[in-house]
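**Q** Sequence:
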Amino acid sequence: IFPNDIANFCRKQLNNIEKYEVLVHNWIPDINFKFPTSEDGAYCRYCVSFGSNSVGKGGHQNTNLLVETAFQDLIKLENTKKKKYITLTPWRMEKILIVLLCGRQGLSLRGHRDQSYLSLKMPVENDGNFRALFRYALDSGDQGLTNHLNTVSANSTYLSFCIQNEIIDAAGILIKSNIVGIEQFSIWARFVDKTEEYKIREDFLCFIPVENVTGKRLVNTLLITMENIGINLVNMRGQGYDGARAMSGQFNGCAAKVRELYPQAIYFHCANHNLNLAITHACKISSIRNCIGKIKEVVNLFRLSNKAGLVLKEKIQASCPSTKQTCLLKFCETRWVENLDSLSLFNDVYEHICLLLEYLDENNLKTIGVKPHALLASIQTPQFIIALTVVKPIFNIIKNLSVFLQKEDCDLVLCIDYVNNQQKKMADKMDINLAPPRNVGIQKNRDNYEGGPEEYFRRFIFLPFLDHLLMQLKIRFLEYRELLSKIQNILPTMCSELNTKKISETVNAFAKEWLNNIKGSTDDFIAEMTIHCLNISKDKRPKTFIETLNNCNSVLYPSIHTFLQIGATLPVSVATSERSFSCLRRLKTYLRNKTGGRSD
1138 IFPNDIANFC RKQLNNIEKY EVLVHNWIPD INFKFPTSED GAYCRYCVSF
1188 GSNSVGKGGH QNTNLLVETA FQDLIKLENT KKKKYITLTP WRMEKILIVL
1238 LCGRQGLSLR GHRDQSYLSL KMPVENDGNF RALFRYALDS GDQGLTNHLN
1288 TVSANSTYLS FCIQNEIIDA AGILIKSNIV GIEQFSIWAR FVDKTEEYKI
1338 REDFLCFIPV ENVTGKRLVN TLLITMENIG INLVNMRGQG YDGARAMSGQ
1388 FNGCAAKVRE LYPQAIYFHC ANHNLNLAIT HACKISSIRN CIGKIKEVVN
1438 LFRLSNKAGL VLKEKIQASC PSTKQTCLLK FCETRWVENL DSLSLFNDVY
1488 EHICLLLEYL DENNLKTIGV KPHALLASIQ TPQFIIALTV VKPIFNIIKN
1538 LSVFLQKEDC DLVLCIDYVN NQQKKMADKM DINLAPPRNV GIQKNRDNYE
1588 GGPEEYFRRF IFLPFLDHLL MQLKIRFLEY RELLSKIQNI LPTMCSELNT
1638 KKISETVNAF AKEWLNNIKG STDDFIAEMT IHCLNISKDK RPKTFIETLN
1688 NCNSVLYPSI HTFLQIGATL PVSVATSERS FSCLRRLKTY LRNKTGGRSD
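So the working numbering is basically just the index in the sequence shown, starting at one, shifted up by 1137.
It is possible that part of the hints are untrue.
Unchecked claim - Below 27 Å or equal to it, Euclidean Cα-Cα: the simulated DSS-like pairs (lysine-lysine) are:
hint: 1; residue 1: K1638; residue 2: K1677
hint: 2; residue 1: K1331; residue 2: K1638
hint: 3; residue 1: K1394; residue 2: K1450
hint: 4; residue 1: K1467; residue 2: K1431
hint: 5; residue 1: K1649; residue 2: K1677
hint: 6; residue 1: K1353; residue 2: K1394
hint: 7; residue 1: K1680; residue 2: K1638
hint: 8; residue 1: K1336; residue 2: K1433
hint: 9; residue 1: K1421; residue 2: K1394
hint: 10; residue 1: K1639; residue 2: K1611
hint: 11; residue 1: K1421; residue 2: K1450
hint: 12; residue 1: K1336; residue 2: K1656
Claimed, not checked - Using C-beta positions, here's what the derived DEER-type ranges look like:
hint: 13; residue 1: K1421; residue 2: V1709; range: 23 to 29 Å
hint: 14; residue 1: E1303; residue 2: D1604; range: 32 to 38 Å
hint: 15; residue 1: R1716; residue 2: T1681; range: 18 to 24 Å
hint: 16; residue 1: K1421; residue 2: E1334; range: 19 to 25 Å
hint: 17; residue 1: T1288; residue 2: L1238; range: 22 to 28 Å
Quick caveat, the hints were computed from the structure, so don't treat them as lab data. Idealized CB from N, CA, C, for every residue including glycine.
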């Protein structure tokens, strides 16, 4: 027997030193697990050290196992625990399986009054699918579940909505670990289809999970997918992506790798992404950036504060009963063109916002974030008003004219007059003096301009913003501009004004990119273009590729007919493809836990 074996301290009174030895320096078996033969069992060292001879209520029970006598049947204890666990596991699993079943099938769990005791009788009001499936299991003769419900107390049935939520959360963690963080390819095809007449179609092909997002691996995934679908990429004449580095890289991007294999597939950067990037860079001017930042703070204040939002809703409904929007719209961080609606609504209710911020400040109403008086002071400055009235009409022009804002003949005089009239009208409403800031001795944070307020704000806010925006549009839409202008020459509206030299330049541009699509030689194509231009009627001149294609004789003008199809199918935007991601959540989370395999 080892000196510190707990068996040496049983059945006697212990002093403090002995208690210390039992608790701290208790004996531990060696690596060979050679137990002493005298006491082949287990004791509770705490009960041995601090227990008394009589225990229980009133001290009428004597100590025995683990204190006076060693507990030896450990194997039987473990088997009993295991047997009990196995007995309880089936009805525990039934709850989990029911929740998972409802989740896979898209069924709601709860109904009316689903927190009371589970009755075998069918309730008058529907208590939800979860309890209905449990009731079905009981009716089917599930004895384990029946015994559980008959033996446990009402607060231990584990059928409440809390248990359901815990099961959902646990299942969500397991599912998300398999699907979250996997990039997705959304593949669409843009083509010309003819039933009764020609029309452009953009059809969804598939979602493809992508684990490696390098240009080389993306190309391999794309090519394998298109081959499996059965699409011949030899006929591809254009490819459009969102402009990410992995897609648009000059040397190792997906577009460059695809064009190495298919030289006629020209890459086009999405026009919508180009436009968003141009607006983003233009809005980095300090005055415009500060204006949009303050608008976001005001929007967040009224959206996060329930009291402030309700008061603003009442003000808008009272003054503008015909308006559909009764709350400020949140800004989108990526799609700047969509912020026009938010800016327009803010501009329309600007007066009410100022009055409401003043009301919140005077009545000391609690708000989240910036204090109302600070926001009120920031949105009543001349710089804010000018910036707001500059951004709003420019955003209107961008939304209506899209990428055509960089045209040299665009009339900006009306835009400037509109900005001046709107800012004066808004300033008169709020009785704000549009005075420029004072001149500073050292031009560190802003510029000094000589002249009146109009000249100052025009040179400090309007012209820099417009110049930045136009420059960004010209830079971002310059690529392939020459080629696109040549493609437009086959349209009747442009073709009638071409001379022999321009016709030759157009044909040479086509031959450089799509030589295989020219029927015959380049001289034959020049002759075909010349005849086509001479025979165009002045009364009937289609303006689009599809309209021209429907009026073009493919026998007389085979090359022009082909290039009209190419012009119609060149990718302009990936907006259609990106809309498919709105249903990706349903496919991945609600219906399946991964996007591989068949979706039918």
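**Q** Confirm or reject each hint.
**A** Hint by hint, here is what the structure shows:
{"no.": "1", "hint": "K1638 <-> K1677", "verdict": "25 Å, holds"}
{"no.": "2", "hint": "K1331 <-> K1638", "verdict": "34 Å, violated"}
{"no.": "3", "hint": "K1394 <-> K1450", "verdict": "54 Å, violated"}
{"no.": "4", "hint": "K1467 <-> K1431", "verdict": "13 Å, holds"}
{"no.": "5", "hint": "K1649 <-> K1677", "verdict": "31 Å, violated"}
{"no.": "6", "hint": "K1353 <-> K1394", "verdict": "7 Å, holds"}
{"no.": "7", "hint": "K1680 <-> K1638", "verdict": "23 Å, holds"}
{"no.": "8", "hint": "K1336 <-> K1433", "verdict": "42 Å, violated"}
{"no.": "9", "hint": "K1421 <-> K1394", "verdict": "34 Å, violated"}
{"no.": "10", "hint": "K1639 <-> K1611", "verdict": "24 Å, holds"}
{"no.": "11", "hint": "K1421 <-> K1450", "verdict": "32 Å, violated"}
{"no.": "12", "hint": "K1336 <-> K1656", "verdict": "23 Å, holds"}
{"no.": "13", "hint": "K1421 <-> V1709: 23 to 29 Å", "verdict": "26 Å, holds"}
{"no.": "14", "hint": "E1303 <-> D1604: 32 to 38 Å", "verdict": "58 Å, violated"}
{"no.": "15", "hint": "R1716 <-> T1681: 18 to 24 Å", "verdict": "23 Å, holds"}
{"no.": "16", "hint": "K1421 <-> E1334: 19 to 25 Å", "verdict": "46 Å, violated"}
{"no.": "17", "hint": "T1288 <-> L1238: 22 to 28 Å", "verdict": "26 Å, holds"}
Hints 2, 3, 5, 8, 9, 11, 14 and 16, counting from the list given before, are not met by this structure.
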